[in-house]
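Visitor: Sequence:
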Amino acid sequence: MCSVGFWAKNNKNENLNYIVTAGHCCVDRFQLFHHLPWNYRNIYGSTRVGEMIESINNVKYDFCLVNVTEDVDLSTVIRNTDSEDYCELIIEGGKNITSYGNHLCKSGQKSHVTCGYVKGLNAVSVLATGRIYTDLIVASKEFFQTACQGDSGGPAFFYLQNLSTVSLNAITIQAWEEFTSFLPLHTILSKGGVELVRSR
1 MCSVGFWAKN NKNENLNYIV TAGHCCVDRF QLFHHLPWNY RNIYGSTRVG EMIESINNVK
61 YDFCLVNVTE DVDLSTVIRN TDSEDYCELI IEGGKNITSY GNHLCKSGQK SHVTCGYVKG
121 LNAVSVLATG RIYTDLIVAS KEFFQTACQG DSGGPAFFYL QNLSTVSLNA ITIQAWEEFT
181 SFLPLHTILS KGGVELVRSR
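Mapping of the sequence shown onto our numbering: residues 1 to 200, in sequence order.
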């Protein structure tokens, strides 16, 4: 199980729509994806979202594009239903993280919305399998675990002045102990040939 990062459209054909998630969530070229809301664990009765069309899960980048052009009408907001006041976070746009210490939050299927602080930029992660991921953002927990298994692929963002609006920064890639790594938005957009679909 993984989380949805964000809605994107093809740079050259605006009629082609995708959702972006972590590449390691996309293991089969003809894999189907289903929408499972938070706290929903059964795939039966869930909504079919789409089929993977491209996985950029190589030695450097870990993301995939799931084609949702014809299959479902998804929302472009970030889910935050643990909050009574701000249950949907509106994506105003995307921005690069350029400084250590920036506040960074994420939304995921398992641990929902949690926040931490940026501890590293342009980081490299080497997995036990020998796979190497580069150009990552690393954040650490604030008061609780920032991510866990099932949160991979979910959006990372920071709040704007109005707590109901956010700027998208990355997707969640991996969590280990108190650290979480994220793949920056600008890398996904440039390598995937897509652009972010904003909530407004």
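Incorrect hints may have been included.
Subject to a maximum C-alpha distance of 30 Å in a straight line, what follows is the list of computed DSSO-like cross-link-like pairs (lysine-lysine) [stated by the list, open to error]: (1) Lys191 x Lys12; (2) Lys9 x Lys191; (3) Lys141 x Lys119; (4) Lys12 x Lys141; (5) Lys12 x Lys95; (6) Lys191 x Lys95; (7) Lys60 x Lys191; (8) Lys12 x Lys119; (9) Lys141 x Lys60; (10) Lys95 x Lys119; (11) Lys9 x Lys60; (12) Lys141 x Lys95; (13) Lys60 x Lys119; (14) Lys95 x Lys60; (15) Lys12 x Lys60; (16) Lys141 x Lys191.
These aren't lab readings, by the way, just hints derived from the structure by calculation.
Visitor: For each hint given before, does the structure comply? Return the numbers of the non-compliant ones in rising order.
Guide: 4, 8
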